[in-house]
Amino acid sequence: MARFLIRRLAFALVLLLCTSSAALFLTRLAPGDVTSQLGPFVPRAEIEAARSRFGLDRNPVVQWGSWLSRAVRLDFGDSFLYNRPVGPLVVRAAGNTAVLAVSALIVSTFVGIGLGIFTGTHRTGWLSAFVRGMSVMCISVPPLLMSLMLVFIAARTRWLPTGGMLSAGTVDASWTTATVDVAWHLVLPTLALALPIAAAFERLQSQSMSEAVRQPFLLAAIARGVPRRELVWRHAWPVSIRPICGVYGLVIGSLLSGSFIVEFVTAWPGIGRLMYEALRARDIYLVSACAAAGAGFLAFGTLLGDLLLAVADPGVREEIEA
Amino acid sequence: MRIAGAVLLGLILLAACAAPWLAPNPPNRRFADLLSAPPTRIHVGDGSPAPHLHPLRIVSRLERRFDEDRATHVPLRWFSGVLVSADPDSGAPLLLLGSDAFGRDRFSRLLYGSRATLALAVLATLLATAVGALVGGVAGYAGGRLDTFLSRVSEFVVVLPAIYVALALRAVMPLVLPGSTIFVLLLTIFALLGWPMVARGVRAIVLVERDREYAMAARAAGASPTRLLTRHLLPAARGYLSTQASLLLPAFILAESTMSYVGLGFPDSTPTWGTMLQDASNVALLGDAPWALAPAAAIFMVVLGVNLLVQSTGHAPVQLER
Numbered sequence: 356m357a358r359f360l361i362r363r364l365a366f367a368l369v370l371l372l373c374t375s376s377a378a379l380f381l382t383r384l385a386p387g388d389v390t391s392q393l394g395p396f397v398p399r400a401e402i403e404a405a406r407s408r409f410g411l412d413r414n415p416v417v418q419w420g421s422w423l424s425r426a427v428r429l430d431f432g433d434s435f436l437y438n439r440p441v442g443p444l445v446v447r448a449a450g451n452t453a454v455l456a457v458s459a460l461i462v463s464t465f466v467g468i469g470l471g472i473f474t475g476t477h478r479t480g481w482l483s484a485f486v487r488g489m490s491v492m493c494i495s496v497p498p499l500l501m502s503l504m505l506v507f508i509a510a511r512t513r514w515l516p517t518g519g520m521l522s523a524g525t526v527d528a529s530w531t532t533a534t535v536d537v538a539w540h541l542v543l544p545t546l547a548l549a550l551p552i553a554a555a556f557e558r559l560q561s562q563s564m565s566e567a568v569r570q571p572f573l574l575a576a577i578a579r580g581v582p583r584r585e586l587v588w589r590h591a592w593p594v595s596i597r598p599i600c601g602v603y604g605l606v607i608g609s610l611l612s613g614s615f616i617v618e619f620v621t622a623w624p625g626i627g628r629l630m631y632e633a634l635r636a637r638d639i640y641l642v643s644a645c646a647a648a649g650a651g652f653l654a655f656g657t658l659l660g661d662l663l664l665a666v667a668d669p670g671v672r673e674e675i676e677a
Numbered sequence: 439m440r441i442a443g444a445v446l447l448g449l450i451l452l453a454a455c456a457a458p459w460l461a462p463n464p465p466n467r468r469f470a471d472l473l474s475a476p477p478t479r480i481h482v483g484d485g486s487p488a489p490h491l492h493p494l495r496i497v498s499r500l501e502r503r504f505d506e507d508r509a510t511h512v513p514l515r516w517f518s519g520v521l522v523s524a525d526p527d528s529g530a531p532l533l534l535l536g537s538d539a540f541g542r543d544r545f546s547r548l549l550y551g552s553r554a555t556l557a558l559a560v561l562a563t564l565l566a567t568a569v570g571a572l573v574g575g576v577a578g579y580a581g582g583r584l585d586t587f588l589s590r591v592s593e594f595v596v597v598l599p600a601i602y603v604a605l606a607l608r609a610v611m612p613l614v615l616p617g618s619t620i621f622v623l624l625l626t627i628f629a630l631l632g633w634p635m636v637a638r639g640v641r642a643i644v645l646v647e648r649d650r651e652y653a654m655a656a657r658a659a660g661a662s663p664t665r666l667l668t669r670h671l672l673p674a675a676r677g678y679l680s681t682q683a684s685l686l687l688p689a690f691i692l693a694e695s696t697m698s699y700v701g702l703g704f705p706d707s708t709p710t711w712g713t714m715l716q717d718a719s720n721v722a723l724l725g726d727a728p729w730a731l732a733p734a735a736a737i738f739m740v741v742l743g744v745n746l747l748v749q750s751t752g753h754a755p756v757q758l759e760r
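From first to last, the protein sequence lines stand for chains A and B. Numbering follows our numbering, with no gaps: position 10 of the first sequence is 365. Numbering follows our numbering, with no gaps: position 272 of the second sequence is 710.
One or more of the hints may lead you astray.
[To be verified] Over 12 Å on every C-beta distance to chain B, these chain A residues come out as not near it, computed from the model:
#1 Arg362
#2 Phe380
#3 Ala404
#4 Ser424
#5 Leu429
#6 Pro440
#7 Gly469
#8 Ile494
#9 Arg569
[Stated by the list, open to error] Here are some of the chain A residues that sit facing chain B, going by a computed Cβ distance under 10 Å:
#10 Ala377
#11 Tyr631
#12 Cys645
#13 Gly649
#14 Gly651
Simulated from the structure, these hints should not be mistaken for laboratory data. Even glycine gets a Cβ: it sits at the ideal position worked out from N, Cα and C.
Go ahead and model the full structure; you've got the sequences and the hints to work with.
Okay, here's the thing in structure tokens:
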């Protein structure tokens with residue numbers, strides 16, 4: 356177990372280093388630099404000063420070396436766009452993305468697995484046919500379309516705020532009011548992100564559940580007179596959960612990708628939005644810090660997926676413990 | 439279900455091919471008096487028996503309210519170069535889905551846009567599948583160091599969240615580029631990100647198949663490695679390749695839309711479903727103009743069509759956008 360964790364940690368560090376360095380080099384070697392943000396009528400001296408402040412006048416490799424030596428001391432450089440250290444900026448945005456991703460994951464897990472168990476055990480009936488139909492629809496509506504559609508509904512009905520994370524009035528409000536306000540703003544992006552994944556979970560759970568209830572051991576349990584509720588939850592469900600655990604790692608990756616466009620459409624101030632701004636402005640240190648944060652999410656997500664699989668699948672557990 | 443999916447996709451392809459003949463107006467013609475106009479209503483009766491339109495007049499420029507000039511009748515023209523249109527110089531062009539913020543016919547742009555979007559997605563799918571099959575085949579057949587290297591590379595690319603990598607690769611190019619350059623650029627980026635998924639599966643299949651009797655027989659009969667791979671081993675992966683292609687195609691359509699929507703894809707002068715979606719980003723207008731979501735509906739229909747087609751072949755339509 357310890358060896359497994361150490362190996363995964365090493366992999367995460369390599370991933371972090373590779374992505375952030377690659378982001379640094381790509382942004383550095385791209386045509387144009389951050390000084391174009393100053394506008395066309397800036398004195399030459401000011402441009403030179405900005406270039407030397409961000410190390411753009413040095414050799415890219417030298418710049419990478421000094422950036423790396425500072426990064427291991429947790430100094431990730433300054434952002435040009437925001438004119439402050441990138442560390443706190445990225446931590447804040449990553450926190451917002453994490454809130455969105457975690458709430459979407461919780462919603463999709465509970466809704467998807469719950470409905471999947473229902474449709475997997477009720478093969479006939481209009482309600483499970485309806486749920487099945489909705490799932491096939493929702494799988495075909497990826498976060499880009501789902502968020503646009505929900506924004507349209509919200510704009511039309513005014514039931515929900517269409518974007519942002521806080522209302523204008525609640526900036527100085529008390530802690531509880533602010534939390535409620537954030538939760539209210541969270542509903543729309545969470546739904547946009549969670550519904551397609553919930554649909555995928557529902558399909559997977561439904562298929563594996565309907566396979567599980569046809570197993571001979573379940574027939575034996577029915578013969579022993581095990582009540583239906585216990586049949587489903589204690590006997591069939593633990594067997595049928597394996598495929599979901601198998602895709603959980605993938606889902607966390609897709610949450611990260613999906614959250615980019617959802618953040619963009621609903622103006623949620625997360626890491627995707629920040630990275631987009633940084634990329635466009637060629638804000639070199641901000642880009643690499645965002646890339647590092649994304650890689651961190653990813654490494655954590657795949658680790659979580661593998662651990663979940665180990666919980667559900669004894670074969671995988673033995674592999675990890677070996 | 440399968441037939442429904444095939445019919446849906448067939449109709450969309452047909453509409454894309456016949457765009458110059460179906461579109462009532464040129465895609466880039468601007469009707470300066472009709473910015474963000476609602477869909478044109480077609481009247482029958484009230485004075486003239488043939489279907490006709492009434493010209494729209496602006497009532498309030500700020501609220502985008504229009505009024506019909508009931509006194510003037512503009513007849514529909516059939517088969518005058520295009521299937522059906524109305525004389526655009528009469529002040530009453532046929533706008534089946536209204537006009538966008540620049541006064542361009544949304545329906546015509548949707549038809550023309552499907553060509554760029556679908557051509558890009560189909561070509562990228564073919565390219566990614568071909569490269570993936572080749573790399574996976576070579577890796578599985580050759581084995582050894584080459585296999586290890588190729589597998590590591592593909593594993594690394596698969597782990598990355600594709601949309602961020604695509605954005606980063608696009609953003610490091612000059613931000614303003616002509617449409618044809620963007621087409622080639624996006625095609626390259628999509629193929630680069632798409633092949634590893636295909637390669638991993640093909641490698642696993644070839645690894646098994648190369649030790650089967652028929653492959654040994656072919657080798658004994660003197661077939662060269664190239665012939666063995668292309669004529670004997672890769673055909674075994676045909677089913678897998680078609681499944682992967684059906685996952686890649688919607689993903690690429692979405693990637694194009696996402697990138698164009700955020701302003702890193704095609705320029706506005708090139709109609710694609712992604713650039714058209716930008717019109718839906720104005721929340722204030724979206725509430726009263728659901729037709730701005732027409733490109734989203736088009737994307738949904740393609741994804742649904744592909745899912746219906748795939749689902750009935752026995753594979754779970756579970757796709758996770760990464």
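Here is what the structure says about each hint:
1. At the 12 Å boundary, the C-beta of A:Arg362 stays outside the reach of chain B, the nearest C-beta of that chain being 14 Å off.
2. Listed as outside the interface, A:Phe380 is inconsistent with that label: its C-beta sits roughly 9 Å from the nearest C-beta of chain B, within the 12 Å cut-off.
3. With a minimum CB-CB distance of about 24 Å to chain B, A:Ala404 clears the 12 Å threshold, and the non-interface call stands.
4. Look at A:Ser424: its CB is around 24 Å from the nearest CB on chain B, clear of 12 Å, so calling it non-interface holds up.
5. Annotated as non-interface, A:Leu429 keeps its C-beta farther than 12 Å from every C-beta of chain B; the closest such distance is 23 Å.
6. No beta-carbon of chain B comes within 12 Å of the beta-carbon of A:Pro440; the shortest separation is about 22 Å.
7. Residue placement check: A:Gly469 keeps its beta carbon more than 12 Å from all beta carbons of chain B (closest about 17 Å).
8. Its beta-carbon lying about 6 Å from the closest one in chain B, A:Ile494 breaks the requirement of being farther than 12 Å from that chain.
9. Annotated as non-interface, A:Arg569 keeps its C-beta farther than 12 Å from every C-beta of chain B; the closest such distance is 17 Å.
10. Interface hint status for A:Ala377: upheld, as the beta-carbon distance to the closest one in chain B is roughly 8 Å, under 10 Å.
11. The interface hint given for A:Tyr631 holds, since its Cβ lies 6 Å from the closest Cβ of chain B, which is under the 10 Å cut-off.
12. With its C-beta approaching chain B no nearer than about 9 Å, A:Cys645 sits inside the 10 Å limit, and its interface hint holds.
13. With a least beta-carbon distance of about 6 Å to chain B, the hint placing A:Gly649 at the interface is held under the 10 Å criterion.
14. This hint is violated: A:Gly651 has a C-beta 12 Å from the nearest C-beta of chain B, more than the 10 Å allowed.
Violated hints, listed in ascending order, are 2, 8, 14; each of the other numbered hints is respected by the structure.
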